[in-house]
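Novice: Protein chains in written order, with our numbering: chain B, 1 to 618; chain Z, 1 to 618; chain P, 1 to 350; chain R, 1 to 350.
Warning: the hint list may mix true and false statements.
If you want the ones that stay clear, here's a sample from chain Z, every Cβ over 12 Å from chain P, calculated [claimed, not checked]:
1. H203
2. R204
3. W234
4. S242
5. E273
6. G426
7. V431
8. A542
Distance condition first, Cα-Cα at most 25 Å in a straight line; then the derived BS3-like pairs of lysine-lysine [unchecked claim]:
9. P:K47 with P:K78
10. P:K319 with P:K192
11. Z:K259 with Z:K34
12. Z:K106 with Z:K89
13. P:K319 with R:K58
14. R:K78 with P:K160
15. P:K287 with R:K78
16. R:K47 with Z:K448
17. R:K78 with Z:K448
18. Z:K411 with R:K47
19. P:K297 with R:K319
Just so you know, these hints were derived from the structure itself, not from any lab.
Glycine included, C-beta positions come from ideal geometry on N, C-alpha and C.
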Amino acid sequence: MTHIKTLSATNDCVIRFANVNGSGSASANNLFSKAVFRLGVPVSAKNIFPSNIQGLPTWFEVRVNEHGYLGRRGGYDFMVAVNGQTMHKDYQELLPGGYFFYDSSKRLPDSYDRSDIHLIGVPLTDITNSHYSDPRQRQIFKNIIYVGALAYLLDMDFSVFEDSIKTMFAKKTKLIAPNIQALRLGFDYAEEHHRDVCQLNIHRRDLNGDQILMEGNAAAGLGAVYAGATVAGWYPITPLTSVIEAFERYCRAYRVDQKSGRHKFAILQAEDELAAIGMVIGASWNGARAFTATSGPGVSLMSEFLGLAYFAEIPVMLMDIQRTGPSTGMPTRTQQSDLISAAYASHGDTKHVLLFPSNPKECFEMTVTGFDLADRLQTPVILMSDLDLGMNVHQCDPIEWDDNRVYDRGKVLDEQQLNDLSERWGRYLDVDGDGIPYRTIPGTHPEKGAFFTRGSSHDEYAAYTEDGMAYARGMTRLLVKWDTAKTLVPAAEIDSAKADIGVIYYGTSAYSAQEALDQLRRHHSIDAMRIKAFPFGEEVAAFIEQHSIIFLIEQNRDAQMKTLLVNELTIDPNIIISVLNIDGMPITAEFLVTEIQYHLDQLAVHNPDNQQSTGGAA
Amino acid sequence: MTHIKTLSATNDCVIRFANVNGSGSASANNLFSKAVFRLGVPVSAKNIFPSNIQGLPTWFEVRVNEHGYLGRRGGYDFMVAVNGQTMHKDYQELLPGGYFFYDSSKRLPDSYDRSDIHLIGVPLTDITNSHYSDPRQRQIFKNIIYVGALAYLLDMDFSVFEDSIKTMFAKKTKLIAPNIQALRLGFDYAEEHHRDVCQLNIHRRDLNGDQILMEGNAAAGLGAVYAGATVAGWYPITPLTSVIEAFERYCRAYRVDQKSGRHKFAILQAEDELAAIGMVIGASWNGARAFTATSGPGVSLMSEFLGLAYFAEIPVMLMDIQRTGPSTGMPTRTQQSDLISAAYASHGDTKHVLLFPSNPKECFEMTVTGFDLADRLQTPVILMSDLDLGMNVHQCDPIEWDDNRVYDRGKVLDEQQLNDLSERWGRYLDVDGDGIPYRTIPGTHPEKGAFFTRGSSHDEYAAYTEDGMAYARGMTRLLVKWDTAKTLVPAAEIDSAKADIGVIYYGTSAYSAQEALDQLRRHHSIDAMRIKAFPFGEEVAAFIEQHSIIFLIEQNRDAQMKTLLVNELTIDPNIIISVLNIDGMPITAEFLVTEIQYHLDQLAVHNPDNQQSTGGAA
Amino acid sequence: MTYVRPNFRHPESHRNAAGYSIKQYEGALSTLCAGCGHDSISAAIIKSCFDLNLAPHKIAKISGIGCSSKTPTYFLGKAHGFNSVHGRMPSVTTGANMANKDLLYLGVSGDGDSASIGLGQFAHVIRRQLNMVYIVMNNGCYGLTKGQDSATADQGSAGKRGVASVFDSIDLCQMALQLGAGLVARCFSGDKKQLIPIIKAAIKQRGFAFIDVISPCVTFNNTPTSTKGYEWVRDHLEASGTIDFIPDKTEITVDYPPGSSRAVTLHDGSQLHLQKNAQDYDLASRKAAMNRIETVKEKHKILTGLIYHNPDATDTHEKIQTVDTALNALSQDQLCPGSEVLAELNAQLR
Amino acid sequence: MTYVRPNFRHPESHRNAAGYSIKQYEGALSTLCAGCGHDSISAAIIKSCFDLNLAPHKIAKISGIGCSSKTPTYFLGKAHGFNSVHGRMPSVTTGANMANKDLLYLGVSGDGDSASIGLGQFAHVIRRQLNMVYIVMNNGCYGLTKGQDSATADQGSAGKRGVASVFDSIDLCQMALQLGAGLVARCFSGDKKQLIPIIKAAIKQRGFAFIDVISPCVTFNNTPTSTKGYEWVRDHLEASGTIDFIPDKTEITVDYPPGSSRAVTLHDGSQLHLQKNAQDYDLASRKAAMNRIETVKEKHKILTGLIYHNPDATDTHEKIQTVDTALNALSQDQLCPGSEVLAELNAQLR
Ligand SMILES: Cc1ncc(C[n+]2csc(CCOP(=O)(O)OP(=O)(O)O)c2C)c(N)n1
Ligand SMILES: Cc1ncc(C[n+]2csc(CCOP(=O)(O)OP(=O)(O)O)c2C)c(N)n1
Ligand code: SF4
Ligand code: SF4
Ligand SMILES: [Mg+2]
Ligand SMILES: [Mg+2]
């Protein structure tokens, strides 16, 4: 075995777990990735799961990287192959020089004939069967055993696992000892049989500071609590559900009246997405902060109501946890492909504010900001998260809250202000020149401020009108408001050294984009911009103007952000080269480097011709 | 009165009737416009009606124009002011030198003090009351009386009215005499009291050839009959309803089995728009030609299903009779503002074929073409008509049908073809390289060709898959199909003399655009292109490339066609100057000339700066 | 249509106990057709709110799209109104109610709005027992889009176009009963004597109260062949549960002859007095109510009046246990956990 | 979950009268959880179609989205299938049926699919009496999205998460009855003896046939506290209208002791034989059926079996009077009026 290539690295590897869903592997795999994190080594973990409940293949991909690269890298160094259904495919996919970990209770068939990889057999079934008799225990501990073996193989500090187990079962202490025993079983077996086989190590560092591991959806749910949302209407759909679960969990923790046990929140599972957003519109109209969350199919169904909210100027906070479309598509795969349907949702001339978080902390912050913007602008604001961000655990800075922060509830007239009004109040009158009129909440004042809200056309005083001029005034004012929005939304993050080439990315592409940039910059001078919101601020237009070639990284087929940029900023699309990943997996740095390098090479020879590069992640 | 300006013209004027809806004025006004048509003089008539059923102001605008200009001109030469609610506003809106026709049974109040117009009082109420006692007759004949007066005032051949009445009441001959009597009453009174007052004349010509007067919706409904549509699912909404009414009317005329009296069509009023398009999808999937029609709010609601049809590749024929959005908007006003929501309907990466008819004959033809395209391309095709085209009567060439035309049902395998297959058939396999696979209809073959249709991702053999590569192959093939679509849709109509300046328009803007072009061309050399479909053929890109400045005429706020052009053709948006009308009224030639001339003047001085010109019709 | 508002004023142009004149319960001029049943229902709503001394600004009136859904503009001009989108009034009302439990929610809808496009929302708002009054102005047709049959058009009934409906009608009262409405009634817009006390009772009902008001469309569905026309309805009424509404026990001054009436007490102490023909019914039995509707229908008659009343009805807020304070009145202090708890929360995530 | 198909084969591995083996009625391997009630229903569908000698390719199987809606992939592989979008199976089936009246339409849905997002379509397809079999695989929860309560979850019932539902459940059988379904039945996925004859009867029924099959979700809603779990359902069944299905009068070979059974003849001559406990019921009375469901419910039991059957039911095609030939089989000649009539038509427009 000494003649073959051997992958060797410290704190830089990708480990893939191949499991069957519903088999309890998730918590074992999480135990592993959390241990890496607790060793002070940056880690990212991605769940690749099927759209069913039990019995189908599922993968868990852990990337360990001392440099803090947390995107998908591409390629697997170590395969924990414990799913018979996919074992051969998993075997084929391992990188040369990599390690194939399998349950050696059964001999590997002859078709497993690669000579360029290292086999690590551990008789998981045999070990489990000889130590446990209860079938449930067998299933659970089999997973823990392979984690123990990994601890040995990757030379990880065993105590971190022990500590994790203790924290995990702090409330069920009975379970601590058997779990540690299972870990030991694996560890010991590996030590005995596979000493010095694996050249990949994970050693303690102190690189994670005060960072946390969190799912984007949990952060968004927490953000809604901090933003003061009291009403949530929602309808289950993958991958949004955990947003609401988190919202409910944190509400139950922080929003239950101590004395009465009653709730300072109302969460209603609606009958469908139309009803969910209808509830939000009703609640926002009535002065509560309200939100809903959904994924692509829900956005399509909410489209009519989004147009109402735009035209009648009602705050709406909506989270779109994007998945692979169109239609039902791949419900458990990620994508950034709802940009156009969200930005221009609904018939007629409409435009909606979008926010693009890149990590859980931003999910939290942009949710809070989103509520402020929705109230300030009296319009729908859509948080464009995605399945990768929402449902995977990401390492990021801790959640922060400034106690001096005061909610921006926007231009709402209270009873006193209504009393003090000297001029006639008009619900749709632009008195401040920013396109944003003043609103009132039902029940505020016995005499003043009542108005009629409608999706049909209305004049400045909210009266129904079929006068084309009044209609045109209103629609034109909404463009003034749109201009105001540009000044209020989070600005793009720009990293510029006045290079000629610029790279633009947004959302979860950030992880891989940053890594790819680091690699590309070794040979090229490249500026970068991360877009955080739609509409675009001046800085976005300026960045594009300053570059003669722009690479625009997206996780969709049709270059939807490019459409938005070109359409809103009147940019010549010919300077934009789209780098598009559409296979439903998080985009990888490897793919980006290859694609961008290819174009740079081409450009070195002649003018750009082939503008689009569509392909899957490696 | 001799000192004031007096409008005088033969066969060139705009007459506006101001009525109350539900008062029976519509048929009198139609009698008038049809008389102009029958005099061989080109005419166009527009109904401007409120979104209620009875008692609110409604207008009827008739343009008479010997040159065949049939768009709205802007400005009123002759006002028939028989609605007290709006009389003063109507009075104010009359052009200087114009004629104000009113019911002089009551004296005009003092506020009617313009000195630059001609008053023509006819005591309609008095005349009616002295001749009729039945209240219903009074209401009806009052309208006929003013038509009679107009016949005199405009020097129209009275016999054409008599003939019209005879045709109209061919089946109720009893009504002929009293109607002619009423016409006479008006005619005689005007002759006696207003001799030589009006200098506007409508004289017999022979300019209309074999043209017809038809509503776009009726033509679309007839088109669906000729295209062989058998299933229609629909939900009522203004302004689509008359499409289905026409479809049903023509089906009852041509599609009832003589012997059994049973129907060769199935029309179901659905419970909503989602169900309507669901029915179409089910029926198309099952091999019938099926369609639905709606307006903006319906398109929003159909969005999820459109994505399914796109991704599962099911033919759908949808007509969007656009009205003023967003939301409920102005339901009885026109607009071209659903382009983006239709073209990119649904979450995920989707693109749909659009057709843009400009007159009723095209509504007919594009409906037939639309069914062929939907079957050939196995995808949704959306006819983008509008309220102006759909609900107003337009003069156009007669409807034609070539009996040799054979429906293109696209790539459907029948039992024989399935038997003959030598290779494995794949529902989503691109065997011809045009991106279009072969489909089968349920029930065709006992053993072969059954497949599973789904909105979730599928491989070439229609099997469910979560393999990102299979998904990406499918999505990429859909782009190949999209390229095929470009070669199949109706080509743009180009009128080019190799000028530097180009004007682009589509849909109902055609009428006014042609008129404006004639005027502008007196001083400028200008090319023109009328877009008929999305995606755009090569000729569209070529036209744009050949011009350094493009004026793009649209009836929406956000320049939606510009978005489509720039996005799909990778055009520099800076060369496009949008000319946008958003007041819900059909765009006028006057507005277009003013706007375009303004920009041309600007351009003569310096480079374009102000790219957009938004405004109402004059 | 009431382009010129009729000079006629309701006799009680005085002020009610809350100090409001009836004018303060009125709205803008109606633009509906002259004679439209919907206008009578608006008038009954105005009268009911006046009589109950409600503060107009503590009412929220919400509707979908249709002639019926336009009516909120024509009553209670001092109340906020919301003309939402077609068929979605229930969800908007649900959200509004969640935000502020302290207003009265008056939902107005049409038969197209509720029985077709909005049927799902209609069912689910009932299932949640939202505290609201839900009025369907039921004309068996789509008035605003010019008279197509709605799903409440009876089989065989023909409107202005003369084509009889081939499908069975959906009975919204039966649906409401089955889905758990706390109060179910059917009225005729032409009978304000019955309609007003029922609206009052519905307003006082806790939880969900449903009133299906047959309200003829004079323009499209008032033919002798239509079972929703004035003529047919008048001839086929079978009144049940005729009631008087008595706001407060102490005010019961009317003398009911013994055995002629029976009182039902609502949760706030106000009472419904059931007149003679109603007293045999067990108003609180769903099964009985179902049967009664069916039985009357079998006789080709229309059962009107109060059909069902659950004295123990609860509402959504109770079910999901929200605090007593309206949620939209909670301050940032009461809602935002603040920075303090974050230390622990972040720690848990490490 | 049946990653490896069990070797077990139904005893009748011979061919049926139409020449098909039971294998030809099967579909792809199920990916549902082991023990999921839905798989039993698939098996019952397979057996029913086999027994009825149906040509598999003359069946169209259509569903929405959910675990339940996945099942059409797992039966009748020779039939075209359509997994549409969530809650919209009824409209797709309606369109398909309009296009070709000659296939058998088997609609499969879940309780989330039908009682929440799809309730409107559920109601309206019944109202139109579409000729189809509509099966709801009812587990009281949203299986595929991991176990949230559905609208058929009973108040107080708690699944895996242990939180009891606070809202009343929607009873789809009652809804179907009220909306005019021609056949209404409720079954338990665990009782194939009851389920198979009822599926057969539903297939033979003309017009709309509805079967609500309680089908436990073993993963999320099979706790002892759940009224849709195996345990609870088994303990609370109250069978009614147990039937045998006899495809043809002449085949009645079973000897029923006198008084022990009663036959109901379907429109194609096949018969339902009602067993002892069913014979007192007037199966054709909607009112009786409603009462029976309510009465059993009051005893905290679940009424199963054939609940209602209308022997005179009609269907949509009959109502709207389409020709006998399937519309998708009409040729261009039969559909296109051709150029001839245009002369007159254009003339009318001048
Ligand atoms: C999504 C949508 N579809 C269709 C319409 C058109 N529309 C307006 S009102 C109406 C029906 C109204 O009927 P109903 O609710 O019975 O009210 P009525 O006018 O009879 O009082 C329809 C279909 C719409 N506004 N929105
Ligand atoms: C428009 C839309 N909303 C939500 C979803 C997510 N979704 C998938 S299945 C399902 C519920 C399934 O429940 P049910 O119909 O009862 O089927 P079961 O899985 O319980 O058999 C939901 C909400 C979706 N696919 N589409
Ligand atoms: S059309 Fe009918 S429902 Fe509408 S306002 Fe007129 S009468 Fe009333
Ligand atoms: S989750 Fe429940 S419904 Fe879905 S397959 Fe598993 S057991 Fe069946
Ligand atoms: Mg109605
Ligand atoms: Mg379910």
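Novice: Hints first: check each against the structure and report whether it holds.
Specialist: Right, here's what the structure says about each hint:
1. Consistency note on Z:H203: stated as away from chain P, and its beta-carbon is indeed over 12 Å from all of that chain's, at 38 Å minimum.
2. At the 12 Å boundary, the C-beta of Z:R204 stays outside the reach of chain P, the nearest C-beta of that chain being 37 Å off.
3. Chain P draws Z:W234 into its interface by the beta-carbon criterion, the shortest separation being 10 Å against a cut-off of 12 Å.
4. Against the 12 Å criterion, Z:S242 falls within the reach of chain P, whose nearest CB is about 10 Å from its own CB.
5. In this structure Z:E273 is not separated from chain P by more than 12 Å, as the shortest Cβ-Cβ distance comes to only about 8 Å.
6. Here Z:G426 stays apart from chain P, with its beta-carbon at least about 38 Å from theirs, past the 12 Å limit.
7. With a cut of 12 Å on Cβ distances, Z:V431 stays outside the contact zone with chain P, its closest approach being about 42 Å.
8. Non-interface status of Z:A542 relative to chain P is upheld: no Cβ of that chain comes within 12 Å, the nearest being about 43 Å off.
9. With a C-alpha separation of about 15 Å, the suggested pair P:K47 and P:K78 falls inside the 25 Å cut-off, and the hint holds.
10. As the CA atoms of P:K319 and P:K192 are separated by approximately 34 Å, the hinted pair breaks the 25 Å bound.
11. For the proposed pair Z:K259 and Z:K34, the alpha carbon gap of about 38 Å is over 25 Å, so the pair is violated.
12. Annotation: proposed proximity of Z:K106 to Z:K89 holds, straight-line Cα distance about 18 Å (limit 25 Å).
13. Among the hinted pairs, P:K319 with R:K58 is inconsistent with the structure: their alpha-carbon atoms are about 49 Å apart, more than 25 Å.
14. A threshold of 25 Å between alpha carbons decides the hint, and for R:K78 with P:K160 the separation of about 49 Å lies outside it, so the pair is violated.
15. Taking the CA atoms of P:K287 and R:K78, the gap is about 46 Å. The hint is violated against a cut of 25 Å.
16. The suggested pairing of R:K47 with Z:K448 holds, with an alpha-carbon distance near 22 Å, which does not exceed 25 Å.
17. In summary, the hint linking R:K78 to Z:K448 is supported, as the alpha carbons are separated by about 8 Å, within the 25 Å threshold.
18. Restraint check for Z:K411 and R:K47: not satisfied, since their Cα atoms lie roughly 35 Å apart, outside the 25 Å limit.
19. About 22 Å separates the Cα atoms of P:K297 and R:K319, which keeps this hinted pair within 25 Å; it holds.
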